[in-house]
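Undergrad: Chains as they are written, first to last, in my numbering: chain V, 1 to 293; chain B, 1 to 327; chain E, 1 to 324.
Simulated from the structure, these hints should not be mistaken for lab results.
Using N, Cα and C, we set each Cβ at its ideal position, and we do this for glycine too.
One should not assume that every hint holds.
Derived DSS-like pairs: lysine-lysine, alpha-carbon spacing no greater than 30 Å straight-line [as the list claims (entries may be wrong)]:
| hint | chain 1 | residue 1 | chain 2 | residue 2 |
| --- | --- | --- | --- | --- |
| 1 | B | 9 | E | 221 |
| 2 | E | 221 | B | 73 |
| 3 | E | 240 | B | 146 |
| 4 | E | 221 | B | 12 |
| 5 | E | 221 | B | 71 |
| 6 | E | 62 | E | 129 |
| 7 | B | 12 | B | 300 |
| 8 | B | 23 | B | 71 |
| 9 | E | 221 | B | 23 |
| 10 | E | 240 | E | 129 |
| 11 | B | 71 | B | 12 |
| 12 | B | 23 | B | 300 |
| 13 | E | 129 | V | 19 |
| 14 | B | 146 | E | 221 |
| 15 | B | 73 | B | 146 |
| 16 | B | 9 | B | 23 |
| 17 | B | 73 | B | 23 |
Label pairs and their in silico Cβ distance ranges [stated by the list, open to error]:
| hint | chain 1 | residue 1 | chain 2 | residue 2 | range |
| --- | --- | --- | --- | --- | --- |
| 18 | V | 267 | E | 282 | 25 to 31 Å |
| 19 | V | 149 | E | 47 | 22 to 28 Å |
| 20 | B | 158 | V | 132 | 34 to 40 Å |
| 21 | V | 119 | E | 47 | 47 to 53 Å |
| 22 | V | 267 | E | 181 | 35 to 41 Å |
Calculated Cβ distances over 10 Å to all of chain E for the following chain B residues [what the hints assert, rightly or not]:
| hint | residue |
| --- | --- |
| 23 | 94 |
| 24 | 218 |
| 25 | 245 |
| 26 | 278 |
| 27 | 311 |
| 28 | 319 |
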Amino acid sequence: MKNNSTPLSRFWAEFRENKVAVVALVVVILMMLLALFAAFVSPQNPYDMANLSLMDSRRPPGFVGSGGYTHLLGTDPQGRDLLSAIFYGLRISIQIGLAAGIVSLSLGTTLGILAAYIGGRVETLIMRAVDLQLSFPAILLALVIVALLGQGKAQLIGALVAAQYAYFARTAYGAAKAERGKDYIEAALATPMSGRLVVLRHLLPNCTPPLIVVATVQIANSISLEATLSFLGLGLPVTEPSLGMLISNGFPYMMSGRYWISFYPGVALIILIVAINLVGDQIRDQFNPRLRK
Amino acid sequence: MSDPVLSVKDLKTHFFTRAGVVKAVDGISFDLAEGEIMGLVGESGSGKTVTGFSLLGLVDAPGRIVSGSVKLKGTELTTLSAAELRSLRGHDISMIFQDPIATLNPMLTIGQQMRMAIDAHERLGARAAEARAAELLTQVGIPSAKERLRAYPHEFSGGMRQRVAIAIALLHRPAVIVADEPTTALDVSIQAQILFQMRDLARETGTAMVWISHDLAVVSSLASKLAVMYAGRIVEQGPTATLLRDPRHPYTAGLIASLPAMAAPGTPLTQIPGTTPSLLSLPEGCPFAPRCDRATDTCKTDPDMTHQDNRGWRCFHPVTRTAEVPA
Amino acid sequence: MLGFIIQRFLQAVVVMAVMSVIVFCGVYAIGNPIDIVIPPEATQEIREAAIRRLGLDLPLYKQYFIFMGNLLQGDLGRSFVYNVPVLELIGGRLPATLELVLISVISATVLGVSLGVYAGYRPESWISKTIMGVSVLGFSVPSFWVGLILILFFAVHLGWLPAGGRGETVEIWGVAWSFPTLDGLSHIVLPAVNLALFKLAMMIRLARAGTREIMLTDTIKFARAAGISEGTILRRHLLKLISIPILTVFGLELGSTLAFAVVTETIFSWPGVGKLIIDSIGVLDRPVMVAYLILVAFLFVTINFVIDLVFALIDPRVRQGATS
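Please take these sequences and the hints and turn them into a complete structure.
TA: Written out as structure tokens, the structure is:
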């Protein structure tokens, strides 16, 4: 046991012991890089209509199209190269997942800590609302909100946030409430230290570990939920196909055996979500003192 | 004297954790005669509870008994199969735990739980089983036992729940009971009641007891002999009266000196300096040396148990009564 | 006990009232329903007449009371699209959904608890590790994609099972059910598996975590010290102790599965309320949306209430009103 190491390096040393989690982390980073540099690694720009030819549509993997190169994963109904479409789709899925995750994290944490810090009626009001919402399935909430707000990136993120902030609020509230009850917080509040400082220095840091765990899970959930909504035709507009939309586009062709249009985007989606969840699992186990031997 | 009913020889129970091997019990030996009560005393983390679990073969992973022998009425327990061990547990050797609220299942009635313990070893009809259960409850001092069999644990007070647990442990008249701080969680007045009841029960039934406690005062009123544990070993053992009057190991002496009853009113209590060492990073040699004012370079090696008459200690520089007198 | 029931019942009523306000505001107050009901080329006079007729000129709270009054009389309005009473529309579709949901949740719970208890009891065995690995998949893989793969493999590739629809049904008490016929059963397998997988993964994880925790408690140690066999400990102690968290989640999951059926029904063209709501959202059929949401909220509240009652039946501490 090295005692001179920082908490972060100790955390990493323990993380490294789980080979599966390390592989998962590498996959997550790799996919984020692919998404970030989609324009450079894709054989084709799938959004550029001039690039597409209907002659090339619904071709199986390995087909050499009019562009003169091989479509490794085949093409979709619009004649897009599926591999390129997946890279660009990843980009949109990750964007939406991260954006929804970060906004829900900020909103939920703020509400949770406020409820724990202020107490009284504000606490009751916020937490009752959160509990009520938690008992309601996220997908239904997202569905209704998308239906009411209409389609588009901002609306979709809004729906995902509305469906997910409550998890963060509950987590932050639980951690902050436990800490709020301790004597040293009372003591800190009795000094001229401002309330804001108490929140920033004491309450927030104590909420961080559980929030990180919830955040990884919820980002994976956001991506999955976005894909589901897009599949149901309630997600993004057709001009910006996320992975869910690609899968949805291929669904009608599945019965006739043109499986690849739905299959490969789905594989990409699953690899991404499973990898994020595996990383999240490991982080959670490391934060859970009860499982530590 | 006849053969001991329980005989432990050089027992070692280690835990193989990610951080390293924890030698929770590291070579302890003692004998227990029929009806005898031995107090096993030590601070928390000294290995007394793990000793208790080892006696019943109840050590959970990642721990296991690595060597040594536990003989119960002549039967070697450490080499028994799981099924053979199970048939002995509760029948020939049983155990009582510290927190009576945690030991009983809140979802089952007292009667159901006692019935399960009876069925584990004997085929009795419903009526005979109920009679046996009620008899035991009466014996441990629970009034209107027959009706109470239909009650749930939450309908009992803490002290009453502990009596129920004791009744379950006594159901099959075991030869040995391991009692792991059974009165620590209870009120002081109830503590005393249960202590003396247990002593009487042991005397009547001839059951021997290993009474685990961190409280020297409690055990010494009950046990005829004591074993003092420190960092996984027994550092001193012998008859209670002898040990209290004339401790040899500095740790035992420290424990006795820190008893409130030993200090004159108005004087500060004596305390042992320092804290219990982590079992992961024990010092070389005698583990008590860093806290001991008598330690010398000799203590860098491990002392063996020195035997004298019916007592023993593990120390190179034992306390003697004359040495206590200031020069 | 009676006090407990009354208290829970009042809570349920309050939650229902709050939900109705939220749903009302959510669906009626956002946006302008006039734009949907009346063609944009209508004259100003026709518009105003319609607004008056629909009561949209009244203050919001009055609109709410009218809405609630109708609701309590079982009148949830008429569907814009089908032009039949919404209640009739939903009532006709509900049995299909309930059938699917119940079969999924019950089989997921039975199987999930068994596998989870095993995995929690022997966490180091390779079977347990396999179970947990599969459950991570079940947890992560989006349910709609699993549905597609099920269709691809079992319906298209192997041709063993039908890809959609409800198959032959039998009328019991005037309601059509699929499960009594072989054809109906073959239609329900794939959607039920699809819907159950996520719940299965969840139940496995829950049962495993519960088992691991309970097996470390003094209750189990004490039972072992009394010589009680492992089989008896699992059957009588563990299952009894684990039933409370399992039951809580079972109730919650029953509700959320109802919501998730939306996805499964769409994939497998299962003619239940889920498919209806997706279609209604697509054409902004507000009365159907409102009715569906109120119905789901009502089922949620009812399920929670029933679960509370069951708690009281199995947990002596709740039954006898103990506070500890």
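Undergrad: All hints, please: hold or fail.
TA: Right, here's what the structure says about each hint:
1. B:9 <-> E:221: The given pair, whose Cα atoms are some 24 Å apart, holds under the 30 Å limit.
2. E:221 <-> B:73: Roughly 23 Å separates the two Cα atoms, so the pair holds.
3. E:240 <-> B:146: holds (24 Å)
4. E:221 <-> B:12: Holds, at about 21 Å.
5. E:221 <-> B:71: holds (22 Å)
6. E:62 <-> E:129: violated (59 Å)
7. B:12 <-> B:300: Measuring from Cα to Cα gives roughly 22 Å; hence the hint holds.
8. B:23 <-> B:71: holds (21 Å)
9. E:221 <-> B:23: holds (21 Å)
10. E:240 <-> E:129: Holds, at roughly 25 Å.
11. B:71 <-> B:12: holds (14 Å)
12. B:23 <-> B:300: holds (19 Å)
13. E:129 <-> V:19: The given pair, whose Cα atoms are some 15 Å apart, holds under the 30 Å limit.
14. B:146 <-> E:221: holds (26 Å)
15. B:73 <-> B:146: violated (34 Å)
16. B:9 <-> B:23: holds (16 Å)
17. B:73 <-> B:23: The given pair, whose Cα atoms are some 27 Å apart, holds under the 30 Å limit.
18. V:267 <-> E:282: 25 to 31 Å: With Cβ atoms ~28 Å apart, the hint holds.
19. V:149 <-> E:47: 22 to 28 Å: holds (24 Å)
20. B:158 <-> V:132: 34 to 40 Å: holds (38 Å)
21. V:119 <-> E:47: 47 to 53 Å: Since residue 119 (chain V) and residue 47 (chain E) have Cβ atoms about 49 Å apart, the given range 47 to 53 Å holds.
22. V:267 <-> E:181: 35 to 41 Å: holds (36 Å)
23. 94: Label violated. Min Cβ-Cβ 6 Å, cutoff 10 Å.
24. 218: holds (20 Å)
25. 245: holds (35 Å)
26. 278: holds (22 Å)
27. 311: Fine: 31 Å to the nearest Cβ keeps residue 311 (chain B) off the interface.
28. 319: Given a closest Cβ separation of 37 Å, the condition holds.
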